[in-house]
Amino acid sequence: MRDVAVIGIGLTKFGELWDKSFRQLITEAGSKAILDSGIEGKNIDAMYIGSMSSGRFIGQEHVGALVADASGFSHRHIPSTRVEGACASGSLAVREGFLSIASGMNDVVVVGGIEKMNDVAGATATETLAMAADQEWEAFFGATFPGLYAMIAMRHMYEHGTTKKQLAQVAVKNHKNGSLNPYAQYRQEITVEHVMNASPVAYPLGLFDCSPVTDGAASIVLCAADKAKKYTDKPVKIIGSGQASDTLALHARRDICTLDSTVYAAKMAYKKANITPKQIDVAEVHDCFTIAEICAIEDLGFVKKGEGGKAIENKITTLDGSLPVNTSGGLKSKGHPVGATGVAQIVEITKQLRGEADKRQVKNARIGLAHNVGGSGATCVVHILEAV
Amino acid sequence: MKDIGIISYGANIPRTRIKIENIASVWGKDGKTISKGLGINEKSVPSVDQDTATISVEAARAALNRCNINPKDIGAVYIGSESHPYAVKPTGTIVGEAIGATPDLMVADYEFACKAGTAAIQTCTALVKGDFIKYGLAIGADTAQAAPGDALEFSASAGGAAFIIGKENVIASINHTYSYTTDTPDFWRRAERKYPSHGGRFTGAPAYFKHVTSCAKNLMEKIGTKPKDYDYAIFHQPNGKFPVKAAKILGFTMEQIKQGLMVPFIGNTYSGASLVGLASVLDVAKPGNRVFLTSYGSGAGSDAFDITITDKIKDLARKKAPTVKQMIEDKEYIDYGKYAKITDILFWE
Numbered sequence: 001m002r003d004v005a006v007i008g009i010g011l012t013k014f015g016e017l018w019d020k021s022f023r024q025l026i027t028e029a030g031s032k033a034i035l036d037s038g039i040e041g042k043n044i045d046a047m048y049i050g051s052m053s054s055g056r057f058i059g060q061e062h063v064g065a066l067v068a069d070a071s072g073f074s075h076r077h078i079p080s081t082r083v084e085g086a087c088a089s090g091s092l093a094v095r096e097g098f099l100s101i102a103s104g105m106n107d108v109v110v111v112g113g114i115e116k117m118n119d120v121a122g123a124t125a126t127e128t129l130a131m132a133a134d135q136e137w138e139a140f141f142g143a144t145f146p147g148l149y150a151m152i153a154m155r156h157m158y159e160h161g162t163t164k165k166q167l168a169q170v171a172v173k174n175h176k177n178g179s180l181n182p183y184a185q186y187r188q189e190i191t192v193e194h195v196m197n198a199s200p201v202a203y204p205l206g207l208f209d210c211s212p213v214t215d216g217a218a219s220i221v222l223c224a225a226d227k228a229k230k231y232t233d234k235p236v237k238i239i240g241s242g243q244a245s246d247t248l249a250l251h252a253r254r255d256i257c258t259l260d261s262t263v264y265a266a267k268m269a270y271k272k273a274n275i276t277p278k279q280i281d282v283a284e285v286h287d288c289f290t291i292a293e294i295c296a297i298e299d300l301g302f303v304k305k306g307e308g309g310k311a312i313e314n315k316i317t318t319l320d321g322s323l324p325v326n327t328s329g330g331l332k333s334k335g336h337p338v339g340a341t342g343v344a345q346i347v348e349i350t351k352q353l354r355g356e357a358d359k360r361q362v363k364n365a366r367i368g369l370a371h372n373v374g375g376s377g378a379t380c381v382v383h384i385l386e387a388v
Numbered sequence: 001m002k003d004i005g006i007i008s009y010g011a012n013i014p015r016t017r018i019k020i021e022n023i024a025s026v027w028g029k030d031g032k033t034i035s036k037g038l039g040i041n042e043k044s045v046p047s048v049d050q051d052t053a054t055i056s057v058e059a060a061r062a063a064l065n066r067c068n069i070n071p072k073d074i075g076a077v078y079i080g081s082e083s084h085p086y087a088v089k090p091t092g093t094i095v096g097e098a099i100g101a102t103p104d105l106m107v108a109d110y111e112f113a114c115k116a117g118t119a120a121i122q123t124c125t126a127l128v129k130g131d132f133i134k135y136g137l138a139i140g141a142d143t144a145q146a147a148p149g150d151a152l153e154f155s156a157s158a159g160g161a162a163f164i165i166g167k168e169n170v171i172a173s174i175n176h177t178y179s180y181t182t183d184t185p186d187f188w189r190r191a192e193r194k195y196p197s198h199g200g201r202f203t204g205a206p207a208y209f210k211h212v213t214s215c216a217k218n219l220m221e222k223i224g225t226k227p228k229d230y231d232y233a234i235f236h237q238p239n240g241k242f243p244v245k246a247a248k249i250l251g252f253t254m255e256q257i258k259q260g261l262m263v264p265f266i267g268n269t270y271s272g273a274s275l276v277g278l279a280s281v282l283d284v285a286k287p288g289n290r291v292f293l294t295s296y297g298s299g300a301g302s303d304a305f306d307i308t309i310t311d312k313i314k315d316l317a318r319k320k321a322p323t324v325k326q327m328i329e330d331k332e333y334i335d336y337g338k339y340a341k342i343t344d345i346l347f348w349e
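Chains as they are written, first to last, in the working numbering: chain A, 1 to 388; chain B, 1 to 349.
Read the hints as simulated data drawn from the structure, not as lab findings.
Treat the hints with care, since some could be wrong.
Here are a few chain A residues that sit away from chain B, every Cβ distance over 12 Å (derived from the structure) [stated by the list, open to error]:
{"id": "1", "residue": "Q24"}
{"id": "2", "residue": "G104"}
{"id": "3", "residue": "T163"}
{"id": "4", "residue": "K176"}
{"id": "5", "residue": "T247"}
{"id": "6", "residue": "S322"}
{"id": "7", "residue": "L323"}
Selected chain A positions facing chain B (in silico; Cβ < 10 Å) [claimed, not checked]:
{"id": "8", "residue": "N118"}
{"id": "9", "residue": "V120"}
{"id": "10", "residue": "A121"}
{"id": "11", "residue": "T124"}
{"id": "12", "residue": "E127"}
{"id": "13", "residue": "V213"}
{"id": "14", "residue": "G355"}
Simulated restraints, written as ranges between beta carbons of each label pair [claimed, not checked]:
{"id": "15", "chain 1": "B", "residue 1": "S25", "chain 2": "A", "residue 2": "N197", "range": "20 to 26 Å"}
{"id": "16", "chain 1": "A", "residue 1": "G38", "chain 2": "B", "residue 2": "D183", "range": "40 to 46 Å"}
{"id": "17", "chain 1": "B", "residue 1": "K36", "chain 2": "A", "residue 2": "K20", "range": "29 to 35 Å"}
{"id": "18", "chain 1": "B", "residue 1": "K226", "chain 2": "A", "residue 2": "D233", "range": "23 to 29 Å"}
{"id": "19", "chain 1": "A", "residue 1": "M131", "chain 2": "B", "residue 2": "K228", "range": "51 to 57 Å"}
{"id": "20", "chain 1": "B", "residue 1": "V88", "chain 2": "A", "residue 2": "H75", "range": "39 to 45 Å"}
Note that this is a predicted model, so its numbers are computed, not measured.
Backbone N, C-alpha and C fix where the C-beta goes; we use that ideal spot for every residue, glycine too.
My request is simple: use the sequences and hints to build the entire structure.
Here it is as structure tokens:
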């Protein structure tokens, strides 16, 4: 297997982007990444696009070809593939791009992630997202993701003594980080009181425990590591990539407080990178709900099972903590355009490892991890990146 | 140029009310949170025998009671509403006949979501300015529809206001007016549909706020005024939050908008909303006061007006019709069951 490097990154502003179309968003992110990488169109061997539900959100499927076309590459007939794995679609696209280069098939691959979620009403967005749950066993009976993650939170509180205040502290930290990120959807700082007193969504989760509905796109350019220097002097190597699956329905899990897909994907990525969790300097984790970040830092091995809440309380994961998590603001503050999220996480980690994260820069960050979850944990993808 | 503007005005708000908490309890929602979130405590409900025609007639009669003109001198009636009782057959003819203004009369019904009433004022102003008519009657009135359980059910209400436009004895000069219009589908009701549809959060930033703030800003820039030049400002009020936020964005204070902010007490009267606010300002305005009005209609557009109150307001018999405040205070509560019956929710065939 060949080594693979990230040589270009691009991001659109995240938010309610009423005046930008799907095409505009993905081409904006893609062209930024291409310009950043130093490649030209003729160098691109393949494209992978992560999008969870463009069909339901904008009535458009077949977006692999659409993105190549909209990017002006139709005459080059580049292989362009859309990848879907619910909210993990973006990182699955990254992994497909990574594998295609590692295998020797391609040298330069452009990966995009996008979701345009605000063209439908809120209820339709919730319903569409719920299609990532088990339709027959969960969604059909009215379960939506806030409800499923609320069950995880309730059990976590019962088993491990996690508190609603600790959940709130996740949102507070992520908004603080997001306030330093010009691309974030919500840039205002919030307090624990804001979170604790917000409108209830599904107890114990309130409005501020939930990531928002977002429009946005992200893109990266991947290149065989031995050829990266041809295009850029700041490549970042992908030293580990892991992917795992689990039961689609939450109730069928061994333990609903643990996302086994995270445990297995992380194990695979750590093994490939030949490192331990202790060596991670910065991480972007999938905080679709505050409880999800607590589970993530446990399942990734940053802290022991059940100690996630305490770790948040003890500020281990703040920007100046020993392991900063979600420096971008996470899904909570930066926004969660589902198909774009996994790619946007790689963009943030790359920025951190290049030393380009400005006011939210983690000092001496050498190794970073990105963790992206589909559904309530039926799919998980973990990537580990290292500054070169 | 001679002064052209409002020579009299009148409003009408049905006295039936339902509390937002009552509606919320039916749907298993937290009424206090919804009330606080929307900035609406209760809303007016049209009784079984009230519709846009009756509200318009009442408001027009109130306007006529306050001034001394012969209804026969009214040369035009334009009524803006999204709840005209008939799809085909004008509300304006009913009103024209009821107040004795027929038959030498121009009539057409207007629809531009919640801003058709201010469009009617613009039309009447132009017809008076062009000497086609002596007086024009412009009305904005609605008995707004909302599907049971929809977010709109907490705000859609009933009411309206009428304004007689002319050149003599003008109490409020219309110095300038300007409109800002785009094709923005934020809220609509298709033909044959009983209830409207809306684009959720799309009705906010790209719709209401873009049009209201652009329209207001452009007019002030055109005529060289600043928010501080006005004693009163009125904005379309679909809920209690939007007009306050729009005012803040533009640089108006709560003090300036308070008198024209009726939505917390009566809900969103749609085509009547900003105009009932204007009527409330005219209830208390003094000579020399300057008033800024910006309406909003989904679809979408805004009309802005720069208005100056004249000395003639002292001669207007304002007491000959109830003030908006008096109509707000004269109320009778009903529960959701009765509300469902009189708003036709229970109708089936």
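Okay, the hints, checked on the actual structure:
1. Q24: 15 Å, holds
2. G104: Label holds. Min Cβ-Cβ 47 Å, cutoff 12 Å.
3. T163: 23 Å, holds
4. K176: The assertion about K176 (chain A) holds, with a minimum of 25 Å to chain B.
5. T247: At about 32 Å from chain B, T247 (chain A) clears the 12 Å cut-off, so the statement holds.
6. S322: With a cut-off of 12 Å, S322 (chain A) remains clear of chain B, as the shortest Cβ separation is near 39 Å.
7. L323: The claim stands: L323 (chain A) keeps its Cβ more than 12 Å from every Cβ of chain B (closest is about 35 Å).
8. N118: 7 Å, holds
9. V120: 8 Å, holds
10. A121: Interface hint status for A121 (chain A): holds (4 Å vs cutoff 10 Å).
11. T124: 9 Å, holds
12. E127: 13 Å, violated
13. V213: 8 Å, holds
14. G355: 35 Å, violated
15. B:S25 <-> A:N197: 20 to 26 Å: 22 Å, holds
16. A:G38 <-> B:D183: 40 to 46 Å: Holds: the Cβ-Cβ distance is about 42 Å, inside 40 to 46 Å.
17. B:K36 <-> A:K20: 29 to 35 Å: Holds: the Cβ-Cβ distance is about 33 Å, inside 29 to 35 Å.
18. B:K226 <-> A:D233: 23 to 29 Å: Since the Cβ atoms of K226 (chain B) and D233 (chain A) sit about 53 Å apart, the hinted range of 23 to 29 Å is violated.
19. A:M131 <-> B:K228: 51 to 57 Å: 53 Å, holds
20. B:V88 <-> A:H75: 39 to 45 Å: 55 Å, violated
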